[in-house]
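**Student:** Protein chains in written order, with the numbering used here: chain A, 111 to 456; chain B, 111 to 456; chain C, 111 to 456; chain D, 111 to 456.
Hints may contain errors.
It does not matter which identical chain is meant; a pair holds if it fits inside one copy or across any two.
[Stated by the list, open to error] Taking lysine-lysine and the DSSO-like style, the derived pairs with C-alpha atoms no more than 30 Å apart in a straight line are:
(1) 186 <-> 332
(2) 332 <-> 242
(3) 360 <-> 242
(4) 112 <-> 360
(5) 141 <-> 164
No lab work stands behind these hints: they were computed from the structure.
Since the model is a prediction, treat every value here as computed from it, not as a measurement.
Protein chains: 4
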Amino acid sequence: MKAVVYRGINNLRLEDIPKPHIESPTDALIKVTTSAICASDIHIINEGGQEPGKTIGHEYCGVIVDAGDQVRHFKKVDRVVGQPFFNCGHCLFCQQRQQTLCENGGLLGAFGNQGVQAEYARIPRADNTLRKIPDGLPDEKVIFTGDILSTGLTGVLRAHVGLGDTVAVFGSGPVGLCAVACAHLFGASVIIAVDIQDYRLDVARRLGAITINAANEEPVAKVRELTGGRGVDAGIEAAGFESTIRTCLKSTRRGGRVSILGSVTQPTPFDLSERFFDMFTLTIGLGDLNHMEELIRLIHHGQLDLGLLITHTLPLSEALRGYEIFEKKLEGCIKVILKHEGSESQ
Amino acid sequence: MKAVVYRGINNLRLEDIPKPHIESPTDALIKVTTSAICASDIHIINEGGQEPGKTIGHEYCGVIVDAGDQVRHFKKVDRVVGQPFFNCGHCLFCQQRQQTLCENGGLLGAFGNQGVQAEYARIPRADNTLRKIPDGLPDEKVIFTGDILSTGLTGVLRAHVGLGDTVAVFGSGPVGLCAVACAHLFGASVIIAVDIQDYRLDVARRLGAITINAANEEPVAKVRELTGGRGVDAGIEAAGFESTIRTCLKSTRRGGRVSILGSVTQPTPFDLSERFFDMFTLTIGLGDLNHMEELIRLIHHGQLDLGLLITHTLPLSEALRGYEIFEKKLEGCIKVILKHEGSESQ
Amino acid sequence: MKAVVYRGINNLRLEDIPKPHIESPTDALIKVTTSAICASDIHIINEGGQEPGKTIGHEYCGVIVDAGDQVRHFKKVDRVVGQPFFNCGHCLFCQQRQQTLCENGGLLGAFGNQGVQAEYARIPRADNTLRKIPDGLPDEKVIFTGDILSTGLTGVLRAHVGLGDTVAVFGSGPVGLCAVACAHLFGASVIIAVDIQDYRLDVARRLGAITINAANEEPVAKVRELTGGRGVDAGIEAAGFESTIRTCLKSTRRGGRVSILGSVTQPTPFDLSERFFDMFTLTIGLGDLNHMEELIRLIHHGQLDLGLLITHTLPLSEALRGYEIFEKKLEGCIKVILKHEGSESQ
Amino acid sequence: MKAVVYRGINNLRLEDIPKPHIESPTDALIKVTTSAICASDIHIINEGGQEPGKTIGHEYCGVIVDAGDQVRHFKKVDRVVGQPFFNCGHCLFCQQRQQTLCENGGLLGAFGNQGVQAEYARIPRADNTLRKIPDGLPDEKVIFTGDILSTGLTGVLRAHVGLGDTVAVFGSGPVGLCAVACAHLFGASVIIAVDIQDYRLDVARRLGAITINAANEEPVAKVRELTGGRGVDAGIEAAGFESTIRTCLKSTRRGGRVSILGSVTQPTPFDLSERFFDMFTLTIGLGDLNHMEELIRLIHHGQLDLGLLITHTLPLSEALRGYEIFEKKLEGCIKVILKHEGSESQ
C-alpha cells in the first residue's frame, strides 16, 4: 500500500509498504479515508522523533476493515475518527482522564509507532482511541476533533474561560484558530487573536475574534487597550515560541490564567518572582482528549464549524507536495487535508 | 410625578403622586428612563401582592439624581440598570450569593415596596442593587439583565448546561427566550423551544432553537425523537403551569437535570417515587442575580442580543395600554418597554 | 456449591446449586470470600425483584479464579471488590459516568441476574465492575466501597456539601452512617444525624455527628435550633419513608440542597409550589460508582474507617440467621458480614 | 498608646505614639486585643517595605471602639478578626474575589499603611476587612483565619486537592502547617510534610501528615516512594526558596498541580520546556480571603484547630523579644502571639 514514510531528518518519501494487520486483540485495522498534516509532523521531519522506515501522521478518519477479538465497540464498516494518542484506559493517568500521559500508550506516527498517512493503519486500543462518525457527516467536518480541535478546547478549559471573560489567543495557526472557535462555547465576551499573518487573522476574524497583527502593532499594549488597561482574563498560547509565551504572559491580567498549548521544545526560562505579587495560574502540556464526543455532537448540530481551516485538499499521492505547502505556508495555507480514496492499491 | 399605581386587584391607574426622596443613607434616587412590564406585574394585578396605592414595576434603567451618604459606588448622572430585588449584601443568604432570599431585602413594586414604573424611583441598598451601564449602550440593550435575562441564565446554570448538552426550554415567553439565548453561552449542541404560539416560536428559532408547537404535535414524543429517544440532558421550565412542568419532567432523560423558573403558585404535586430509579435533579426558585456584570459585558461586546423580544415601545403615559397589550398578547406582543422621558412633569 | 437462593416472596433458602462459569468473554469468575446483606436484599425478599431459583446478594469481595478472553485488567488470584451493578462502559449513560443507568447493565442478585451470596459468582463486564484490593487490606475494610459507601458519598456529592456547610443525614442505617463519614471529607462544619434508634445514633456520634433521636424530640425544630433557626445547607435522606423525606425537606434551609438516597418505592407526593419562593435543589436516585478507587485509597491510608458498622460476622452457612438478625435489627445490628471461606464445598 | 514601630531596616522599636482615629467614613477603630508576628513582618524589617515611623503587623483580633458613618455591619463592642489586606469590594479584582489584587486596597503594616501591633488600630473598609468572632470563641482560636490559615487554604484550593488525592507540603512553617490542616478538609488520602526542623515536623505529624526531614533524606525520592513512584497529585510550596520550589516541582507527578504560597522575592528561573511533555499546572501568588467565615465556623464547631502552632504568648510590651524568638526560631518557636490587654495605657 502507499504510505508517507519517514526516512530520517528532512527525508520524507511516498513509498509502497506492506499493509498492516491486527497484532493485538485490542487493535482495529482501518482503511484511512482522510488524513491531515500537523505541525507536529513537521517537528518530527525537521528534528526527528520517529524511527526511520516508519510512516507518520496522527490526524485521521477511516473505515473499520478488521478488528481484534477484544474490540467491543466497533465493527467492520463503521466510520471512525481517532485520537492521535492511543491509551490503555486503566492506568492512574487514564483514570484521571489525562490520556496523553498514559503509562501504556503512545503517539501514532512517532517514537516507533506506525502513523496514519497510509492507505491502511493499525489502531491500537481501538475502543479507547476511536470515535464513531455520525451518518452523513463527512470526514472533513470531524477530522480535527482528534487533535487540533481537542487541543484548542483544552487550552480554553485550562484557562478556565467562563461567562463574560476576555480571552486572547496568541498564534492563529490551526490550534490557535480552534481555541478561538472554542472560546465562544464558554461565553467569552471578547476574543482577541494575535498573529503576524494577515490571511490567518482574517480567518480568526471570521471565527469571531478581534485581531491584532503583531508585525504592525505592539500586541501587549493593544491587548491592554482592548481590556481597560488590565490585560485579558485568560491568555492562550498556541505557537510555542519564547517570544509568544512572553507576550502571552504580559498580556494576561494580574490574577489571570495562562494556558500554553504550543510545543515548548526549546529552553524557555520564566522567572517565578516576576509574578508572585501579581498572582496567576499557568498550565502547560499536550491537549486532553475528553470531549471528542461532545465536539462531534456540536459539529453535527451545526454549532461549530472549522471548515475555514481547510485551505488545501490533495490526494495521498501528492502528500509530499502537501507537506511543502503546509511547512512553507504557501498559497495562504492553514491546513492540508489528504484524501486517501483515489490512491488505492494493493 | 406620573406613576403606575396599584389600587387593588385588577385596578391599575396612571396617577400623579409625590416624587420620592432619599430615606436611608444607602438609598439612591433615580430618574427612571426606561421600564418594562413583567409577567410578575400581571400576577400582582390579578392576584394581589402589592399594597394599594403603591407603584408597581421592577425592570428598569435610569439616571442617578441623588444618593445617600453611604452610597459609595454611584454618583449623580451615572446611568444604571437595576436588580428587581434589593439585598443587604451581608446576611447568610447574600454570602451564599442567593440575593432573592436576603433576610433584609425585598422586591421593588411588591409587598409594600414602591416600584419603578414612575418618573422617579427610590432604590434601596443602591450599591448592591444597581449596575453601571457602559457609555453608549442604550437602555433597551441592557434593561433585561436585571430580571428576565438573569432568570433565563439562572435556569441554564441550575440545569448545569454544559459542552455538547441537549436542552429543551418549555415556554417561549420572555424568560424562556432568554434561557434559549443563554444556552448558547455554555456550548449546548441542541436547543429545543416548546410553546403553543407560533410568533413566539419564531423568535426562539431566530435565537437558534429548534422549535416544537405543542398545539400541533405531542412535545414529549417530539423531544425524544430529536434526542435519540432518551430525552434532553437539561429541561428548563419557563411557564409555571402544572402541565408544562409535567411535560418538562417527561422530556428530560433519566439522570438529567430539570430547572423550574416559572412561578409555581398553584399546587403542583409531583410523585418522587416516579423518578427514583431514573435518578434526576430538580431545581426550583427565583433567579439569582450574580452575573449582571457579565451579561452587560456580553451585550456590550455583541455576543448577546435580546432586542428581538422588544415588540412594543410606548411612553409611560400609555402604560395602561401597554399592560393590556402585554397581558392579552395582542399584536404579537412579547415584551413592552415604557419610555419615561417624554412623560416628564413635576 | 452453597448459595443463598431466592425461592419467591419471603422464601429464602441456603441450597447447593451448580457452580457458575464464564459465559461471555468479558466475564470474570470469582471465589467470593466475603459478602454483606443489604437492605435492598430485604426489599427483594419481601416484595419481589428476583427470579425464583436465582441467588441474591450484591455486596462482595472475592478472588479471581477465571476470566474471559476480553478481561484485560484482572487475572487469577487478584483480590477484588465489586460494584453491585455491572455496566458496559460505553453507552451514553456510562459516558456521563451514571453507571446505574447503563443501557446494557444490571444489578447483581436481582431481575434475573445471579447474585454473590454463593461460593462462586460470575461477574459480567469484569473490567468495569471490579476494583483491585490493595495488598494487606482485609475484605472487611473495603467491602462497603461497592455499594453503601459509594451511595453515602453520592448523597454528599449531590447535596454539594462544601467547606463550612451544615449537613443533616436522616436515617442512621448503613447508608446514612456512610454519608455521615463522607461529609467529613468535604469540610462540613456541622453534621447532624437523625434516627429513632439510640444504638445507631451512638455509631453516628462516634463517626463525628451531633445526633437527634426523633422518637424523643421534634427533629425539624432541633435541626433549626442547631443551625441558627434556618435549617441545614444540605439535607441527605437515607431511609426512603415519606415521613423522613418530609422531615428532610423541612429541615433544609431556603436555597439549600436535598439529596434523597433512600429507596422511594411508595408514592411520595411533593408539592412543588411549597418551595418555589424558597428556592431549592432536590436530587434523587441510586448512588453513582465513580469514586470506588478513591474510597479504597482513603481507607488504605487510614483516612476513612467504617468498621463500626460491622456488628455481626457469620459464616455463609448461617446466612439465613444473618438475614433474620439484619431485618429485625436484633442484637444492635447494623450490618451483617458473611464469610464464605469456611463454607467451601464442590 | 504603645506600638511596635518600624524605624528603618533592622530597626524596630516599642514606642508611644498617638492613638489613631476614624479618618474615612468606612473606617473602624479597634482596640487590638491579640496580634501575631508573621514572616512577612520579618521580611519588612530585614528588607524594607514600610515607611519609617509607621507601625507594623497585620494579624489581629480586637474590639470595635468606633466606626465611621458608612460602616454598616459592625458596631461598638463587636469582637472581630481581620484580613491583613483591606479592599474596596467593588473593583474588577474584588468582583473576581481576588481581594489581594484590589485596585483600591493595601496591606496593613506595610507600604505606608499603619499596622496592628499597637493598642489601637484604624481598619479601613471595615465592612470588607473584618469578620465577627462568635461569642465564647477566644482570639487565639481564630486569629490565624485572617492570614496564614486563609493562605494555607488557598494553597490547597489552588492545587485542586480533591477526594483521594496525594498531597505534599514543602515547608512546615506556619503557612505550611495550615495547608496540612486544610488538606484534610478536601478528602486527601495522603498528606506529606517536608521540612528540615524536627520540632516543626512533629507538629505536622500531629496534624495528620506523614513527615520527611529533608536534612536526613532526599525528599524527591522519598515522596516518590510514598506515591507509587509517580509523585504527588498536588504539591504545595510554603517556603519561597528556589530550592524548595525546585523540590516541589520535582515531587509533583506528571499532570499534577503545584501551588506556590511562599514569597518568591528572589529571581527563581523555571524552564517551561522541562514540563511541556509532562503537562502540569502552577499557581503562584498571595492567598485569597474568600473563606474566613467558613474557617471560623469550622473552628467554632471543633472541626479545625491550629492551637498547636502557638508556641509563645507574650504581652505587647515584650513584642521585641517576641520578634527575636520568632525570627531565630528559638525555643521551638512556630508562632508568637502578642496579648495587648495588659499593656494598656493612654
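**Student:** Indicate, hint by hint, whether the structure satisfies it.
**Tutor:** Structure-based check of each hint:
1. 186 <-> 332: neither (53 Å within a copy, 32 Å between copies)
2. 332 <-> 242: Only across copies: residue 332 and residue 242 sit 25 Å apart there, 43 Å inside one copy, limit 30 Å.
3. 360 <-> 242: between (41 Å within a copy, 29 Å between copies)
4. 112 <-> 360: neither (47 Å within a copy, 45 Å between copies)
5. 141 <-> 164: within (17 Å within a copy, 47 Å between copies)
The structure fails to meet hints 1, 4 from the earlier list, while all remaining hints are met.
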